[in-house]
Amino acid sequence: MIKNITMTGLALAFSATSSFAATDITWWHGMAGRNGEVINEVAQKFNAAQTACALTPVSKGTYEEALASGIAAFRSGEQPNILQVFDAGAATIINAKGAVIPAEDLITKAGYSFDRNAFIDGVRYFYADSDGKFVGMPFNSSAPIMYINDEALKKAGVEAPKTWEEFEAIAPKLKEAGYIPLVQSQLTWQFTENFFSRNNIQFATNNNGYDSVVDTELKVTDPNLVMMFEKLKSWADQGYFAYYGAGWNDNQKMFEENKAALWIGSSGSFGGLTKTAQMPFSADFLPYWGSINGAGTSSFIGGAALFAMAGKSDAENKCVADFFQFLTSPEIQVFYHEATGYVAITKAAYEMAKKEGYYEKKPAAEVGIKQLMLPAGEWSKGYRLGFYPQIREIMEREYGRIFAGEVSVKDAFDTIEKEGNELLARFAKTAG
Amino acid sequence: MTHAPSLSPTSAAPTTAAGFFRRFRSAPSEPHFAKRVQFSSPFLPYFFLAPQMAIIFTFFYWPSVQAIQSSFYLEDPFGFGSTFVGISNYTDVLKSTEYLGIARFTAVFTAVVTFFSLAIGLLLAVKADGVIRGNATYKTLLIWVYAIAPPVAGLMGMMLFDQHIGPLVKFVALFGWDMKVGLNYTDTATAMIIVSIWKQIPYNFIFFLSGLQGIPVSVREAALMDCRSGFRRFRTVILPLLAPTAFFLLIINTTYALFDTFGVIDVMVKDKAANNPITLVYKVYMDGFRGNDLGGSSAQSVILMIIVFVLTIFQFRFIERRVHYS
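The listed protein sequences derive, respectively, from chains P and H. Residue numbering for the first sequence follows this note's numbering, beginning at 5 and increasing consecutively. Residue numbering for the second sequence follows this note's numbering, beginning at 535 and increasing consecutively.
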């Protein structure tokens, strides 16, 4: 209720400054801090660029809160025009047939042409249906990449690893030089989902869940994934890897403070890291296993997409299409890319940033895009799994137990697969 | 038991507690007839009650009925489709070893937090009651912690127990305890319990102190003449006179530990429960608001309602019997 009042107040305040004839549209998102400010700047640019539509962005807290507010609002018929939904929540909104208008339909209906090939490969499929039609409009996209403490590697006299085998070889030297060789910030996104994408291994049945919600099952007892976590556990025991819990920042901190040599973070982290890291750093792709056949493919995108909610007037939908069109223009993409660190999602925008010489100044900013532009494998396009935020919670719980020494890696993945499949079966019932 | 207090799932909510509180406050010291108020019209009392009833119906009964209803369905979060699944949401939850583990932790957590926050609150109140010089300052210092909102308390607790910079972690490291809050289940549980107790002590302190000050000086003096042992005087005279306060606080503290510690837990697990301990109410939030599993989450909240209902009946039937109000 209070949220609604504030929102109306905000909407009024915004519309008062713009033309009264304009069609008002709202955009609920889950970004805070600097990223939230950049969203306001993007909206201001859109409102300044045309007079027909007035866009009001509203922050709803975190990604989860934005999705929950969007759902609650939809059920009471008060949904915004645009809702930002994060990667793990994609299945929830895409499987709710009738909750959203596919972005591609919206844009072509508004009279624009839509070229799927204009988008870089890594972002093309994740929010699309199994035929490749864009349902969500990719917005803030990121990739899990490896940050390198240049000082540490120099001291140890080693090169940054491309594969996990190379990491195993240099880890003792890094430890000897007085560093924690490896830290990471999100085992689910970086070492599970993107383990499957980077090593080109099937994550779930039914084409990673894209083909149907019925009978979709996880394949997390895959021997390669079990091997990855057995390695992580043994590295942790030998002092080559350190785990500081499921919180992102507790782990990142060790890298910032020049105590860790390598950190798996997000391509979107580098802006903040530039300010906080106490040593020079660079970045490279998320390592893969050289021993796995066909590994080294592109990663899934992380981040979130924008969804056009159904049940709105044609005039408002036209404005949303205008905004999506505006958002994918190279100028705006480059602005957003440089202001936040999220990757540019169109090839034209990437070329433009390159031409500007941006990557010569900030080479780390290019790593994420390059990783998403790597050749796609059969299993690196995405996953579509219902109740996935809860499945991630199960993973986080079991991973915590692995590193606390309470369960074996094999048992942990058996539990994740069993409980995860129960959730997927439940989800299939809700969607049925 | 001379009268049956009206019992309903609301009993745990502050509504009953507030009514209880009113009774408790007016009971011991004032003469009985003071409560008899004459209204000029028979409708007037209902008129005064109406706003309160409206709030209870809108914010409690109506959502409860909805929760019970949706606990029998599996529902698409956006409200497109829902399948009637009978009691399978309940059986799924009750069969889950995870859920039972959380229930066990919740029971231990509630018992420990309630016991220690009551015990320490009482101890401090008794000591503060005895202080003669500078007692205003002393009491204020003990009370003002209550003004801290639970998330802020959680945040402070988190800083105190932070694995990298927490002063308390550094302190216990001196004794060889490598405390890892957020990583180790027991360590996180310990930190959570300490912060939750700390947060609730001032509240109990205020009530116990006012309860103590309501005990007539003549009674204390008489007791002092009869018995030299301070502890025995406390046990046989002061404590029974404090019983109404203690019983009220027992209910309030149980509710606090079950529900109001949500903010503390949320901040301490930093939004990612992982392998850390959580309570039942946090699980409802995780499944319902973050996982969008409305049916399962509703079933869990109905289970919580039943637990609270049973607890309240138990407390009123078996404990209140021993409480004397005047």
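None of these hints come from the bench; they were simulated from the model. Take the hints with a grain of salt, since some may be wrong.
As the list claims (entries may be wrong) - Derived DSS-like pairs (lysine-lysine); straight-line CA-CA distance at most 27 Å:
{"#": "1", "chain 1": "H", "residue 1": "Lys714", "chain 2": "P", "residue 2": "Lys237"}
{"#": "2", "chain 1": "P", "residue 1": "Lys235", "chain 2": "H", "residue 2": "Lys806"}
{"#": "3", "chain 1": "H", "residue 1": "Lys806", "chain 2": "P", "residue 2": "Lys223"}
Small disclaimer: the values here were computed from a predicted structure and weren't measured.
Hints and how they fare:
1. H/Lys714 <-> P/Lys237: Given pair H/Lys714, P/Lys237 holds - Cα atoms ~17 Å apart, limit 27 Å.
2. P/Lys235 <-> H/Lys806: Within the cut-off at roughly 24 Å; holds.
3. H/Lys806 <-> P/Lys223: holds, 24 Å
The structure fails none of the hints (numbered hints given earlier).
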